Amino acid sequence: MNQKEFLAKVLPYKDKLYRLAKRLLVSAEEAEDAVQEVYLKLWKGRENIGNYKNPEAFAVTMTKNYCLDRLKSKQASNLKIVHSNFQNGENLQKKVEVNDGVELVFKIMQTLPEKQRMVLQLRDVEQFDFDEIAEMMESTETAVRVTLSRARKAVREQLIKQYNYGVS
Amino acid sequence: MELAEIEKLLEVYFQGETTLGEEELLQEFFASKQVPGHLEVYRPMFVAFGQAKEETIQTEIVLPKSRTFNYWKWGIAASFVILLGIVGFMFNDGGGLTDEEELALAEYNKARETMMLLSANFNQGTDAMLHLNEFNNGIANMSVIDQFNESKKLILK
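Protein chains in written order, with our numbering: chain A, 1 to 168; chain B, 1 to 157.
One chain only, chain B, in its complex shape (with noise of 0.2 Å):
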């Protein structure tokens, strides 16, 4: 490249106004060994935008333990729970009762607790019974009234 270009260049360089390509063909000229005297002042510049270039941060970026990680166990955690309740549910049916299942049982039990009240009564009732007995007896005893009745016949005659 001609040096009245580069003069030029240098001159728009400084007006902000180069393209990117212009800048890098003004790197690559003073990165070169032949550089006149009276533009080797602004060698450096050039030198140290490159070498500026070359640093690097030599700490690891630490970020916060991923949530994401633990959304996706808790998603297989939850899809267990809800698997084992359909699961049970299915297996499990007659255990949940339905509202008429309930009154069913409700009318069940009502009726079970009459029959042992009535039970109960009716075992007081055979308790009195046993009085029965004494009028069995009773009854054996008028045997003697019949005896009693033959003698009287043959008294009688």
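Looking at chain A on its own, in the form it has when it is part of the complex (with noise of 0.2 Å):
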């Protein structure tokens, strides 16, 4: 397969994974820096890429134990820069005004372990089938509803909060 090849089939994904690696790692620099990497793998690997039923969700997968292992060496290493960046819900209905309902949205959702987060990613951004979720995320549809189920919740429980706060 010629670079050329390549792309066309796999460059269509970018945006996606850009926008997994950043619901992940929060900062743009380095969910543009993980997607960068995660081509490069695939370019490595693009002799097996045919091989492959769903290569979109081969790349997703990738784009996400490459973020999972940056946030953990990043804890390893102490600097906790991605959880430091963002309140947690307590701050949160505080500081932030409840007409920024969409803004809240998205600091909420940096609030949920990060598994919840990529369901919600993947199925509320993206409008993944649930049997594509599951092959994406390893694991199973009923396992992904489930964690899906938990996200929206979570989601809307902060929500009601910040709008009552707002309200009263």
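Hints were generated in silico from the structure; no laboratory data involved.
It cannot be assumed that every hint is accurate.
Said to hold, decoys possible - Under the rule of at most 20 Å between Cα atoms (straight-line distance), these lysine-lysine pairs were calculated in the PhoX-like manner: (1) A:Lys53 with A:Lys41; (2) A:Lys72 with A:Lys44; (3) A:Lys153 with A:Lys107; (4) A:Lys153 with B:Lys33; (5) A:Lys72 with A:Lys9; (6) A:Lys4 with B:Lys53; (7) A:Lys107 with A:Lys161; (8) A:Lys72 with A:Lys4; (9) B:Lys53 with A:Lys115; (10) A:Lys41 with B:Lys65; (11) B:Lys53 with A:Lys107; (12) B:Lys65 with A:Lys9; (13) B:Lys8 with A:Lys44; (14) A:Lys9 with A:Lys74; (15) A:Lys9 with A:Lys41; (16) A:Lys153 with A:Lys115; (17) A:Lys4 with A:Lys41; (18) B:Lys65 with A:Lys4.
What the hints assert, rightly or not - Okay, the calculated bits of chain B under chain A, using three or more residues with CB under 8 Å as the criterion: (19) 8–16; (20) 43–54.
Predicted model only: the values in this text are computed from it and were never measured.
Positions of the beta carbon are idealized from the N, C-alpha and C atoms, including for glycine.
If you follow the hints, you should be able to join the two separate chains into one complex; please do so.
Written out as structure tokens, the structure is:
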């Protein structure tokens, strides 16, 4: 496979991969680096890419694993940049205006556990089917639905709290 | 769409059981202007998901320079070398010697060496032949003997 064919096949995923990476890593720059790394890895393994039933799901899984590794190594080195960049629920409610509803949703999403963030991103933002998400997450459809339900409910809960805070 | 239906759909949505089609209906509903007050709280969620999908990567993906191009170039170069080799072989058939030919050449050289040796000895032989000239001189001198014999005959008479 030459570079042109390769790019034609996998480049259309770049924005989806980027959005997922950014959902996990938060920083745009780190997300860009992550996508770049994933494409390098895909390029190195390009001879095998035809063997994958769903190259897009494969690319998403690679991005997910790369980002989770990055987060882990950050935690290990005690940097925790990502986690100190956004506030936990309590601070959030006081600092964010309720009419910034959309911004608030993004911030709430950043407080969710990584799995919930990813599932919410893949389903509600990217609108993938459950079987695809299960493949991407290396999980089962049932597990994905459970995680998704938890994530949606968590966002709702925070939104309602914030909403009531704004109204009262 | 009826409000009751939306409420039911929302409930299913939070259970993680809605289909993509149903989720699209919810998106459309919350994108509209008429959302009842008690559902307003959900609006940011659906708006945010829609907005999140608009974000795109701003940097270009950079891959190492394609090696396929080099393969292609090397392929052409290699073909030329092979072609030259074949052409050279065809036009220069005598250049390469078979085992038999080499043997023959060796025989020839050996024979030539022997002949050279022979001719060197032969030349030595011709040098020796120069002494024959002395002999010829001797023969010439012998004519004096003839004269002597004639004189002798005359005397005997």
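Structure-based check of each hint:
1. Between Lys53 of chain A and Lys41 of chain A the alpha-carbon distance is near 18 Å, which keeps this suggested pair within the 20 Å criterion.
2. Simply put, Lys72 of chain A and Lys44 of chain A have alpha-carbon atoms about 24 Å apart, too far for the 20 Å limit, and the pair is violated.
3. Using a Cα cut-off of 20 Å, the hinted pair Lys153 of chain A and Lys107 of chain A holds, with the two alpha carbons roughly 15 Å apart.
4. For a cut-off of 20 Å, the pair hint linking Lys153 of chain A to Lys33 of chain B is broken: about 24 Å separates their Cα positions.
5. Of the supplied pair hints, the one linking Lys72 of chain A and Lys9 of chain A is violated, its CA atoms being roughly 30 Å apart against a limit of 20 Å.
6. The hinted pair formed by Lys4 of chain A and Lys53 of chain B fails the criterion: a straight-line CA distance of about 26 Å is larger than 20 Å.
7. Among the hinted pairs, Lys107 of chain A with Lys161 of chain A is consistent with the structure: their alpha-carbon atoms are about 14 Å apart, no more than 20 Å.
8. At roughly 34 Å between alpha-carbon atoms, Lys72 of chain A and Lys4 of chain A are farther apart than 20 Å, so this suggested pair is violated.
9. With a C-alpha separation of about 19 Å, the suggested pairing of Lys53 of chain B with Lys115 of chain A holds against the 20 Å cut-off.
10. Among the hinted pairs, Lys41 of chain A with Lys65 of chain B is consistent with the structure: their alpha-carbon atoms are about 14 Å apart, no more than 20 Å.
11. Taking the CA atoms of Lys53 of chain B and Lys107 of chain A, the gap is near 16 Å; set against the 20 Å cutoff, the hint holds.
12. Between the alpha carbons of Lys65 of chain B and Lys9 of chain A the distance comes to roughly 18 Å, so the proposed pair stays at or under 20 Å and holds.
13. This hinted pair does not check out: Lys8 of chain B and Lys44 of chain A have alpha carbons roughly 48 Å apart, beyond 20 Å.
14. Between Lys9 of chain A and Lys74 of chain A the CA atoms are separated by roughly 32 Å; this puts the pair beyond 20 Å, and the hint is violated.
15. At most 20 Å may separate the alpha-carbon atoms for a hinted pair to count; Lys9 of chain A and Lys41 of chain A meet this at roughly 14 Å.
16. Taking the CA atoms of Lys153 of chain A and Lys115 of chain A, the gap is about 14 Å. The hint holds against a cut of 20 Å.
17. Among the hinted pairs, Lys4 of chain A with Lys41 of chain A is consistent with the structure: their alpha-carbon atoms are about 16 Å apart, no more than 20 Å.
18. In summary, the hint linking Lys65 of chain B to Lys4 of chain A is supported, as the alpha carbons are separated by about 11 Å, within the 20 Å threshold.
19. Only residues whose beta carbon comes within less than 8 Å of a beta carbon in chain A count, and the region 8–16 of chain B has 4; three or more means the coverage holds.
20. With 9 residues having a Cβ less than 8 Å from any Cβ of chain A, the region 43–54 of chain B passes the three-residue criterion, so the hint holds.
Of the hints listed earlier, those the structure fails to meet are numbers 2, 4, 5, 6, 8, 13 and 14, in rising order.
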